[in-house]
Structure formats: structure tokens, C-alpha cells
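K.L.:
Put together the whole structure using the sequences plus the hints.
These protein sequence lines map, in sequence, to chains F and G. Position in the first sequence counted from 1, then plus 98, gives you the numbering used here. Position in the second sequence counted from 1, then plus 98, gives you the numbering used here.
In short, the hints are calculated from the structure, not lab data. If you're wondering where the values come from, they're calculated on a predicted model, not measured in any experiment.
Heads up, the list lumps identical chains together, so a pair's fine if it works in one copy or across two of them.
In silico lysine to aspartate or glutamate, DMTMM-like type, Cα no more than 20 Å apart, as pairs:
no. : residue 1 : residue 2
1   : K621      : E544
2   : K169      : E122
3   : K458      : E492
4   : K431      : E492
5   : K458      : E152
2 protein chains.
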Amino acid sequence: MKIVIIGGVAGGMSAATRLRRLNEEAEIIVLEKGPYVSFANCGLPYYVAGEIEERSDLLVQTPEQLKARFKLDVRPNSEATKIDPVAKTVEVLSNGETYTVAYDQLLLSPGAKPFIPPIDGLAAAKNVFTLRNVPDVDQIMQFVTKEAPKKAMVIGAGFIGLEMAESLAHRGIAVTVVEKAPHVLPTLDEEMAAYITKELKRNQVEVITGVSATAIEDAGKTVVLENGQHIDTDFILLSVGVQPENSLAIDAGIQTGLRGGIMVDERYETSVKDIYAVGDAILVKQFSTQQDTLISLASPANRQGRQVADVLSGLARKNLGSLGTAIVRVFNKTIASTGLNERQLQLEGTNYQVVHVQGKNHAGYYPNATMIVLKLIFNPKTGEIYGAQAVGEEGVDKRIDSIATAIKGRLTVQDLPELEFTYAPPFGSAKDPVNMAGYAALNLMEGISESIQWHELNQYLVNGAFLLDVRNPGEVANGRFEKAMNIPLDSLRERMAEVPKNQTIIVSCQSGLRSYLAERMLKQNGYQVKNLDGAFSLYETVRPEEVM
Amino acid sequence: MKIVIIGGVAGGMSAATRLRRLNEEAEIIVLEKGPYVSFANCGLPYYVAGEIEERSDLLVQTPEQLKARFKLDVRPNSEATKIDPVAKTVEVLSNGETYTVAYDQLLLSPGAKPFIPPIDGLAAAKNVFTLRNVPDVDQIMQFVTKEAPKKAMVIGAGFIGLEMAESLAHRGIAVTVVEKAPHVLPTLDEEMAAYITKELKRNQVEVITGVSATAIEDAGKTVVLENGQHIDTDFILLSVGVQPENSLAIDAGIQTGLRGGIMVDERYETSVKDIYAVGDAILVKQFSTQQDTLISLASPANRQGRQVADVLSGLARKNLGSLGTAIVRVFNKTIASTGLNERQLQLEGTNYQVVHVQGKNHAGYYPNATMIVLKLIFNPKTGEIYGAQAVGEEGVDKRIDSIATAIKGRLTVQDLPELEFTYAPPFGSAKDPVNMAGYAALNLMEGISESIQWHELNQYLVNGAFLLDVRNPGEVANGRFEKAMNIPLDSLRERMAEVPKNQTIIVSCQSGLRSYLAERMLKQNGYQVKNLDGAFSLYETVRPEEVM
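P.N.:
Structure representation (C-alpha cells):
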């Protein structure tokens, strides 16, 4: 058996090593276009920052090591230029020479390449970079070291864009981030991404959203935005997203689908017999909706690589789809998500409900506790969990990992309070934010609490609702709604007569806990009440211009 | 409606506040024997260590705060001395006076009290302490400050015992830990607990296991062990476990069961009408076995308190049982567990299989990665996950939380590779240790790998097996099995002829990954091979006297 693998990073290399473990005799050839295989692609921005100090740390395995340990024929600098599915051969270009290699089974793991937006003057600029592999990072490091740019522009505020914004800022470069979408991190929801915008600004990164870059002038020294703004810069990173590296597959007659993703069946076989594909280039099913989606993440790619090796070895495996769990650290904040976001659910036409809870990463009485904002998106009828997002300084990963596991286990919001997490003061709280999110969602489902979202507040007020802030005067002095009555929670029972009976009351506090208590008090005294979900702290983060 | 709650900490106070949220008008009286309610009982050892600096941080809520916010009638220093279930009254002793309070519904949340072992001379010693509440910690701190003990003995190496051992050591006190069970942390398995023994010793804590303390002499200056050993000490902490605080319940004719635990139905009602119970004093069902068990942990107690408030308010709730997820930090190591351990499964007569994997807490190429040892216990036929244990420096909580969630979601080991965790280099790896544990378990279930456990090695060798160590010479020089052939993995293909064909080959490396690769190579060349699960690093931790 002779297996040829095109692409020697996450999916391809996972497949190659698993194949060898299952089959000591198979001939396994890995063709990698670039000079390195099995490199730490997710580590590249940290190398730019200087956090990963040694370039050699990025090179996880060499062809020599892979040969010694796995008897793999790994060929870097070897570009597959053509597939002949009838003859079952691949044409390879290496060091200017072309040769042909035959296969019994072919695996495509070409990955995704940076999308290059149509920006005038791009080609003429010598200071424009993308970041996908080690040669890219070498070019960036060479430029940064030699030219010592003072200003950088990051076009595209996705995960890589923001990691690079932080990395460049760490090098003392003044960074501007431009994002075409209405907010940074377009795969997350606006109010959650707002915490990251705030953190970027706190670290002197300029953030411009809702605008695209249209032209590059002065050989890269000026970027022109859609709104006419001209911004000086010394360095430009393009990170507006990726697209499947599909040209070889298309040339071979392999079917592609949504946004050019390579179509595969649940065994990873493409439309062409004996050609399989894994990784960022393939279409997978979103776990909850079972709709086609493209996911460019290392974890699914690695899993798929291993699974396809099992398939090729005759083991029963199925691609069960992906949740798309993701995380990014931006300076001192971390934001993570799993499953579907609001925008995706709206596109699907799915009815959903949202709840935000705020809780400490560990016991509040143990030193250095920090706040996590956790958002849960769920089906208000069945309790099905559609997705979750969290932002904070510590412990964000843990909460999203638990919820991602709960979604895979088809647990509902009713089950979240039942989850028993490790608890000791340095690690969590007896009621973890994930438990609290379940309680809060259940309160909504059972009608014990009713809430409105941050983006609904103004309309409620226009329609005559009354905003009651139950925080303490000291908190109110530090920032408040333009128009709200303040009665501290602990005085509410005595001062309840001050609250008007003939209006819908919207209650808010700092984080949402006290406002819920106020809601319950008022409701049981005959008031119409709704809790402002996420409360003042969320509102002031996403609408800083609307608070005082 | 008048509800009386006996016990004002985790379960009782969760119930009281939830009751108020659901019912603004109910009369809610909380009777607490001690001077404080709602204190941070899990924080007490950290206060002894000085990590929590302010005593006031331990007092989470005061009766005054609870009155202002929740209109609760909280009565500290008020001991319920008798229940009359017919008259529906509770007799209360407070400041030397006795009075009676009537109830419509009574909730018992008395907790568990330290078990006092039968040790001669205990009563005569003035330097013997237990740790359950704030007065206990006050006494300890007063003694420690005033008497400046140089030596301390901790009798009982459970969670509190080890937290206190660390805390006392942080104060510069020379600590000896004595545990009657064969190893520290008797609720975990021996080889996992061995990592903590090693960490204790590394921090100059003396560890004596398999021996109980039988007498205290010289007014507490000498502890006599079962084996005749006499140990000098200045301070003694008794932490040999807890027992349900059940005397009030028994006097009231309430049925108790296993080890004195208060029996409740799934709605938390005891055998006596209108009397409910929650927390450490009740019997709950172990989640997997549905057998009665006692669990003294804050998280289930808090959940039960809230649930019983719902029950008392007419909402449909059921106690679904507990997994018993737990964690403890001991110096720089953390160990955690969820579900059943090997001993419990053996007692149940359940057939199970074990796998140990070792993986980094985050990407190895990102700075400061540390190793996690993760143990998974599962049904080798169905893949049902019975339990998991993990030990390491960082990220142990996260992995056990995910597996605890997986167990609650009835996921199997086949599902673990499918779990999609947050991955970026500072947070994890594309293949998380939890994924790896799933892969490893699946390899065992599918016969791709066969393993033996650390405690089986000697018998295999006695029976003629051949031990092959595939580590590099540098690693072998740092510590090795007494009797093993060494062929580095990368040379194994060339040197395979040196491996005898007529013996069972046991392969080992440092962490278990390379030995698995060696196993696959050898198997496909016709050898009978078994992988030493956990490999040399586990073996040298649990059997340090048997390695060189």
C-alpha cells in the first residue's frame, strides 16, 4: 500500500503518524510545499511577540526525526502541482524539477490560505505581510528587525489579527486595527467582543470597525479606508480571514461546495475515489445544525487526520462534525466561544434566548480572583445549549471547555447546575459560573425571571419603561445610566413606594445578581419587572458612549 | 409559611436565600450553633497559611447583611437541641437560655463533624485541634501565634489534612503527616497519590502511611504510633475524616443509614414529614452506581440547598446524585478526581480498565508548559467512563471538570477524542490530554494496544516477561528499572533482532508515548508485546525503592 499525503502540518502529519502506527509496512510519502513540516502554526504570533524566544521551538518535528521514528518519507519544498486520478499519480515540483509519484490512496491536507482582499496598490507595497507559516514569520521578523517600524496596521480583527496586534504592540509598535465587520472578532457576538475592544484600547491599540481598507498608497506608507480616512503606517498585516487551498482539488475534478470547501463524505473521501481530504480545506458539519461549514482550527484538523488514517486502515470512523470551539488571548483578557453565536442562529431562523452571568474565576475570598462574563445561548423551550462565549482574565478556557463538553453530551441548561466541578478556593467556587448560567437560564425558562438584552434597553425606555438601578451610591458615582432612579438593593423594601406601579420596571445593578434579587422582590409586590441581562457593567462595555 | 433551617453555612444558607427569592412573604429562620453563618469553610487552611490575609475575608455574609438583603432571621450562637415533629417545634439553646420555635417546614443542614479517633491521652492534651469552622481556626491561629510550635503532626492525610500540612509548613513548622491507610489521599488511587507523597517529601514534610496514631503522651508532646514509634510534636491536627452531624435527627426519630447519614428521598424529605435535610449529613446516590454514599463537599451541598428551596416552593426538583468531584492543591502540585476510583470499583465487583496518559497543560513550545498525568477508569466493553484522576502543576482542574461533565452527559471514552476544547498555545494543545486519554482507551478497547499496570510488572517479570526500555541513554542514566534492556525507540527498527521472540515483551519509556510506538512496531513484527501503562515516570513515583 502506498499512501501519498499532500500537506505536512496538522491534519497531514497526524494522519501520517497514525498510519504508521497502524501499518508498519505501508509506504507513506508526505509532500509539503513549504520548507517545514509539523511546525507550530498557532505559535507564530507568540514568536513575533518574543514570548516564544527560539525560532527552533516552532519546528516541532523534522523530516529526519519523522523518518527515524515513523519511517515516513517526508518531502519538504515539494509542491504537488497536479493530480491524475485515473492514473493515480501526483505531479511534484521540487527544486525546479518535476517528477511523478504514484499512490494507492491520496490524502489532501492542504489547509487554508490567507484571503487577500481587493485593495488597490497592494502589489506595489513591500511592507505588506500575511501570517500562515514559518517563511511568513521569518519575513515579518526580518522586516521588523531591520526596518524597525514605529506604526503598524492590522487589517482584519480575527484571532490571528488580534494576536498579532498584541505581539506587535509588545515590540513597542503603535498598532491600528481595522475591521470591516461592525466589531472585532466577528465570529463572536458584539457585546462579548466589546470587552476585547476595551482591552485593546486600554493597551493603546487603536480600533477602527465597520470600515474596510480600500487602497494602499505611497508604497505602503499610507492606508486609505473606505470612509476616506488616510492612515500612516510602516507595516501592514493582512489577516482578513482564510480560504480553502482548493486549486489542486478543483483541477483534479474534486467537488467543492460552500466558499470553495472540499466536499467529503463522513469517511473523509472526496467525490473522487481513493482521494481523501482533511483539515481547514474541507467542509464539515456544524455539530448542532448539521449544516456545512468551514472551520480553520488545529484541533479538528488533528482529529480528522487521525480519523482518516483509521478509515484508510479499515477501522470504522465517522466525522461527527465540529463545534468550532475557539479561544484567543488579547493582552490580559481571554475570550473563548463554542457552538453557535447569535448571528448564526438568526441566519438559521432559530428561536433562542440569551443569558449573561458574571462570576469569579475562583473563590472571591481567595487572593486575585478575577471576573468572568459568561454568555449562554439556548433554546428557551427545550433548554438545548446552542453556544457559549466567555471573557475574563483567568479560567475562561475551563468554562468554555465544560460547556463544549456539555453540548457534545447533549446536556441542556437544566443539567448545567448539576455539573460537579473541582472546587477548592484557588480553583473555583462552590457555585461555578457554569452552574450559575444554568440556574439563570432555568429561571428564565420557568418564568421566575424575565430579562431584556443590552440592545433592547433603549427601545424599552422609549416605550415608557422605568429604569431602576439598585447599586450603591459609590458604584453609581463611578458610572451610571443617563436616566435611571437609584435605590440601593438593601433599601428597596423600605423605599418600594418610590417605584412607579404603572410602568414596566427595568432593573439593573453592576453584574446582574442584585438586579435579579430586586426583580424578585418587586414582582412579588405586584410590579411588572424585567432584569437588564448583564447589567450596567455589560452595558457600559458595549455602549460606552451612552453612559455617564 | 414558616420555615426553620438548622445550619447556616453552605446548604442551609443556599436554601434560605433561594427561598426568599421565591417567596417574599415566608418567615425564614436560620439557626446556627456557631457564632458565624455563611463563612468560607473551604478557605480556613489558606488563612492558616497566610494566603488569605484577613480573617474578615472568611466571613462571607453577616446576619445583618442577610437581614437587609434577604429579610432572613439569622440567629447565630443558637443551637437546635431538640425537634418535636408532632408539635412541629424546635427547641433552641442560645446564650444559656432555651426557647421554642415553631415551623411549618424544617430543613436540617447540620453538616459533618470531624471524626475523633480513639487515641489514648487525647483529652489531656491541650495542643490537639480539629478544623471545621471559624472558632476552630481562631484557636489554631492563637496557639500557633502564641506557642510558636516548631513541630506539627497531622493525623489523617485527606484533603484538609494535606492543606493544613502545607499551611503549617508555610509557617515554617516541621510537619509530619500520619495516615492509617496505605497512602495519602485515601479517596484517590495509590499511584496518583504517590505524586503528592513525592511533593510533600520534596517540601520536607515527613509522610508516614499504613500506621495509625494510638496514643498521645506528655500532654501532647509525644505521639505514639501503632508500630511503637514515638514522635515528638508541639501541635497536633486531627483530620481523619468527618461523620454526619446526625444526633438531632436521630433524636427526632429520623431514619439514618450508611455511616449514620440522614436518609432523604429524592426531594430531600426525611422519613419524618415536613422535615427535610441537605448537605454533608445526608446520604446521596453515587451518580454512576446509584448506591448510597456520603459526600462532604461544598458544591453538592450548595446545589442541594437551592434545590430543596425549590421543592419547598412547589417546583419539581430531584436530587440526581453526586459524582464527588474533588481537588486539592499540595504545594506546587494539584490532584483532582471525579467519579469512582479503583478501590470502589473492586468493592462493587465491577470489571474495569485503566489508562494513564501524560500531556502538557498547554502547548509544549509555549513557555512554562508542565506535565499532567491523567488517569481514566472505564468499562472496556462499553467505554462507559467510571472515573478519572489527574495530577500536575497547572490545568488539572480543567481536565477533571471536562471529564466530570462528560460523565454527567453519559459520554464514553469513544467520545473523548471528539471533545473540542479551547486551543491556543497558552491554554492547551491541539490534542488535549483528555482527547489523548480517549484515544489511548480506544486503542485498548480495539486491541490496537495492550497494557499492564505498574502493580503488575513484577509478576510479569517473575513469569518470564522481558522488559524493554525504549528511552534514550541520557534518560536511562537519570533513573532506570533494575532489569531492562535499553534500545532507544529511534533505533528499534534496526536493532529489533536483539529483542527475544519467545518472551512476552513489556515496553516502557518515560511517559508512555514512545513505548506505545514501540509496541506497535514490535507487534507488527510478530512479537507478543504489552505496554507498561504510565511508563517509567509513573513507576518510579509509586515504587521509588524499586528503581535505580
